[in-house]
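Here the protein sequences come in this chain order: A and B.
Every letter in the first sequence is one number past the one before it in our numbering, and letter 215, counting from 1, is 1356.
Every letter in the second sequence is one number past the one before it in our numbering, and letter 107, counting from 1, is 291.
Since the hints were made in silico from the structure, they are not lab data.
Incorrect hints may have been included.
With a straight-line cut-off of 25 Å between C-alpha atoms, the simulated SDA-like cross-links for lysine to any residue are [stated by the list, open to error]: (1) LYS1706/A / GLU355/B; (2) LYS1410/A / ASP1181/A; (3) LYS1706/A / SER1524/A; (4) LYS1706/A / LEU259/B; (5) LYS1699/A / GLY266/B; (6) LYS1566/A / ARG1598/A; (7) LYS1706/A / LEU1788/A; (8) LYS1706/A / PRO256/B; (9) LYS1699/A / PHE338/B.
Here chain A is said to cover these stretches of chain B; the calculated rule only asks that three of the stretch's residues, wherever they fall, bring their Cβ under 8 Å from a Cβ of chain A [claimed, not checked]: (10) 248-258; (11) 261-272; (12) 357-364.
Bear in mind that the values here come from a model prediction, so they are computed numbers and not experimental data.
Ideal Cβ placement from N, Cα and C applies to all residues, glycine included.
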Amino acid sequence: MNPLNGSKMDELTREFLIESQEGLDRMERCLTDLETNPQDTALLAEIFRSVHTIKGTTGFLGFKRLEKVAHAGENLLGLLRDGKLTANRQIITGLLQLLDRLRLILKCIETEESEGDGDDQTLIARLAELQAPAAPQPQPARAEPRTGASASASTPSSIAAPESQAIPQPAGSAASAQPAPQTSLEPELDPARTRSTAAESTLRVDVTLLNRMMNLVGELVLTRNQVLQATAADPKMTLLSRRLDMVTADLRESVMKARMQPVSNIFSKMPRIVRDLSQTLGRIVRLQVEGQETELDKSLLEAIKDPLTHAVRNSLDHGIEPPAVRQAAGKAPEGTLKLRASHEGSHVIIEVTDDGAGIDVEKIRAKAIERGMITVERAAHLSEREILQLIFLPGFSTAAAVTNVSGRGVGMDVVRTNVERIGGKVEIDSQPGRGTTLRLRIPLTLAIIPALIVRSRTQSFALPQGSLFELVHIPRSEDGVPDSSESRLTIEWMEGAPLYRLRGKLLPLVFLDRLLSPGVDASVANDRDNFIAVLDADGRRFGLVVDGLADPEEIVVKPLSSVLKDIGIFSGATVLGNADLALILDPGSIALKAGIDISKEDKNALEAAEAEEEFDAMRNQFLLVEAAGRRAAVHLADVLRIENVPLSRVEYIGYRPVLNFEGQLLPIEDSGGVLAAVEGNPEAKIIVVVCRDGQRQVGIAVSQVLDVAAGGDLFEAGTTVRTVGVTLLKERVTGMVDLSGVSPLPAEESATAEFSHAE
Amino acid sequence: MSSIATEVAPRTTTTPESISQTPLRAPARRLRKGTEVSASLVEVCSVRLGENLYGVPITHILEIVGAARPQPVPLAPPFVGGLVSYRGDVLTTVSLRHLLGMEPKPGSQDILVLESVEGCYGLLVDSVSEVLTVSSADFESNPSILDQRRKALFAGAYKLKGSLLVMLDPERLDPIHLSASQAASS
Chain A
1142 MNPLNGSKMD
1152 ELTREFLIES
1162 QEGLDRMERC
1172 LTDLETNPQD
1182 TALLAEIFRS
1192 VHTIKGTTGF
1202 LGFKRLEKVA
1212 HAGENLLGLL
1222 RDGKLTANRQ
1232 IITGLLQLLD
1242 RLRLILKCIE
1252 TEESEGDGDD
1262 QTLIARLAEL
1272 QAPAAPQPQP
1282 ARAEPRTGAS
1292 ASASTPSSIA
1302 APESQAIPQP
1312 AGSAASAQPA
1322 PQTSLEPELD
1332 PARTRSTAAE
1342 STLRVDVTLL
1352 NRMMNLVGEL
1362 VLTRNQVLQA
1372 TAADPKMTLL
1382 SRRLDMVTAD
1392 LRESVMKARM
1402 QPVSNIFSKM
1412 PRIVRDLSQT
1422 LGRIVRLQVE
1432 GQETELDKSL
1442 LEAIKDPLTH
1452 AVRNSLDHGI
1462 EPPAVRQAAG
1472 KAPEGTLKLR
1482 ASHEGSHVII
1492 EVTDDGAGID
1502 VEKIRAKAIE
1512 RGMITVERAA
1522 HLSEREILQL
1532 IFLPGFSTAA
1542 AVTNVSGRGV
1552 GMDVVRTNVE
1562 RIGGKVEIDS
1572 QPGRGTTLRL
1582 RIPLTLAIIP
1592 ALIVRSRTQS
1602 FALPQGSLFE
1612 LVHIPRSEDG
1622 VPDSSESRLT
1632 IEWMEGAPLY
1642 RLRGKLLPLV
1652 FLDRLLSPGV
1662 DASVANDRDN
1672 FIAVLDADGR
1682 RFGLVVDGLA
1692 DPEEIVVKPL
1702 SSVLKDIGIF
1712 SGATVLGNAD
1722 LALILDPGSI
1732 ALKAGIDISK
1742 EDKNALEAAE
1752 AEEEFDAMRN
1762 QFLLVEAAGR
1772 RAAVHLADVL
1782 RIENVPLSRV
1792 EYIGYRPVLN
1802 FEGQLLPIED
1812 SGGVLAAVEG
1822 NPEAKIIVVV
1832 CRDGQRQVGI
1842 AVSQVLDVAA
1852 GGDLFEAGTT
1862 VRTVGVTLLK
1872 ERVTGMVDLS
1882 GVSPLPAEES
1892 ATAEFSHAE
Chain B
185 MSSIATEVAP
195 RTTTTPESIS
205 QTPLRAPARR
215 LRKGTEVSAS
225 LVEVCSVRLG
235 ENLYGVPITH
245 ILEIVGAARP
255 QPVPLAPPFV
265 GGLVSYRGDV
275 LTTVSLRHLL
285 GMEPKPGSQD
295 ILVLESVEGC
305 YGLLVDSVSE
315 VLTVSSADFE
325 SNPSILDQRR
335 KALFAGAYKL
345 KGSLLVMLDP
355 ERLDPIHLSA
365 SQAASS
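This is chain A alone, in the form it adopts within the complex (with noise of 0.2 Å):
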């Protein structure tokens, strides 16, 4: 039957269908919600809502099959409400079942415009079935049955009154129990409309409009470059160019601010996929949810919804051990999974954790090389990550058994592919036994990025500034011959590959022009400016030598055809500030085409310098120390090790105390007179801090070792010098000990220097 029948109908219909889904979803997170609060009142009541709305307006609108579906989950729910039914496993899989059904209707409705000819008997009898359960529950007062298609809920008083039952009752203890706690409505009314509150200040927009206020902003973001780059010279112009720009970077992060919507939507449809697959799999399976409130562009939200689906589905499936399994290898037979959302600069991180068994990466190896995927010999060299790497390869599925569920082979791959065509990036990391965590990497901003303008051979290209590490310029030479100076284009060959030496690092070359016309040599002239744009992709780094640099600009990415997109090296093309069309340059494709790999030598000079951060951050680092009232700072760095001697060890050479390990001769440095302070006891212990000065090493007397902190620079007032000999420490000015101060032992020297004459 169609109950359309005409426009004001269809308006009021959409309406219905809009506010329906919605009520449906929410009923959704309260029926998972319940099972692990089966008593919680509030959720009770809002299922109740979600139905007793649906069920008002169908009469209204004319939708007779779903009126009688949504009046017998009703009955069910007005005795969960009232505290006659005790929510359990089956009652709620009865009612995710008749919020399925519902939701197939109204799918059909929007389809269609008709509701469909299902039959429904069997839910409905099963629904009643429900109602009448064989465990010992108080009798349920059969309440009286709605009347009319009032959307109000009913007043205490109406459900107390029992009436004549008009659905069956099976013969059960004849105990009249009494009513459910009638005040339980009555709260409920209040929060009902503090919520209609909270929704009287949004607004539910097309998302066609926003895309199009989107569009429009973006085209307001060329013309300004075009205003400004037109107005530049114009003095006049500077301040309303200025105000311009302000305006409009305003105006677009507003529009992009209404577009971003919370990570809780998709996380939202979760705790449902896990029960019902937990279920099917017999897992158990706990699922904890951090970072709901993330907040997300809403197409880009839409774009992982069904990635992250297949990786919870994954994780079930593959990763979380049945619960018998778990307990023989010492785990909790609960598993967990663990989905969390994260901002991280200019990206949102969405990780998917389990700690079910991990990958097996010999297993993967094994397969990928039965599949033909790779070659034993290149298997044998990858790296263990490398391998995790090979299951995003299209039709990749250890699973020996392709399951409903997952296995088929086609799931990372997509997970991947839907992923990077949005601008992310998936990682994955796997502990043998422990879990598996996939992290999808996803960028915050679509469409405008900042860009560096460089130019080859008359061209402009945009690079986005996201990849851009650094810039050389390398002058021309002033005769036109290369010289072995730092500041020419000195480029070094290995196996046919130019190199650049960069502080010391070699730095893989390509050369934009002989990129981008293959025949032509590449032109390394020296009779003119040179440019390195320094780029990163993804561990990839490569300089890219163009002729010319612009300015940096914000630019609107616009797509390509398919046909130019095929090329490999252009992501997008735009519209520049002085109205030239530019191609957007693609550092991650332009790296592989140019076979750039994360070469081993930067992987070890990365390690090095992280070495060498780690380095100088300890440098930075004093220990703390009192001497007879009197606090220092020595170097962390240079503190070997920390010796507790009783006084008796401490030998004189003359007037100076030292310590003797083994024939090895320490100078004690003692100018706070801690010796002093212990003499006469032999057995009183003394603390000496050994450190390394230079090729020798001195101890420091000390009383006590009070902390490690890190050191503040200190500058004489109104200067920028820095004042040396002093750090501060924990707020105070604190001296530093000068181990270079205390004097070397006269003795040693003469010792050296016979035992060298003695060789």
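Given the structure of chain A, go ahead and fit chain B onto it with the hints provided.
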């Protein structure tokens, strides 16, 4: 560069029986997407390449852009004429001269914006000429003596008084189609 459509030339003085030349009625921002005027009359937009006139059915034409200088795309397939900025998007153009094996023409060209699988694309021609109304009675399909390349591009011709208006099929000129057929043949 502008994206204002060019005015089409006004009617000429001599009017042979079977065809009439109608100027565009509206100030030409968009061409009227007309269908066949009657069962036997078809409206065709004529374009000029060198000495020759070619026809494109008006139904596929979205707009005409004049005085365009497309931005070349390095490494693009050779039939790609370049990119132009069009209504806030970037339009891929196809060079008809290249497709017909003609020498590239210096200076600006006109663009016929045509519907495409992916939205729209531009056909680069020397200049856009008048809209002609032709009769289907005068239609001739491709002669068998035509070479492979031309057979692939041409969709028959209409006999005009003293000349032939060779018809082009916009769907076959779509860059996606061209790239696919190139891939197939190589």
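Do the hints match the structure? See the list:
1. LYS1706/A / GLU355/B: holds, 20 Å
2. LYS1410/A / ASP1181/A: Answer holds: LYS1410/A to ASP1181/A is near 20 Å, not above 25 Å.
3. LYS1706/A / SER1524/A: Answer violated: LYS1706/A to SER1524/A is near 31 Å, above 25 Å.
4. LYS1706/A / LEU259/B: holds, 11 Å
5. LYS1699/A / GLY266/B: holds, 15 Å
6. LYS1566/A / ARG1598/A: Not OK: LYS1566/A and ARG1598/A at ~33 Å, beyond 25 Å, violated.
7. LYS1706/A / LEU1788/A: violated, 79 Å
8. LYS1706/A / PRO256/B: holds, 14 Å
9. LYS1699/A / PHE338/B: violated, 32 Å
10. 248-258: holds (count 4)
11. 261-272: With 6 residues in contact (Cβ-Cβ under 8 Å with chain A), the coverage given for the segment 261-272 of chain B holds.
12. 357-364: holds (count 4)
Going through the hint list in order, the structure does not satisfy hints 3, 6, 7 and 9.
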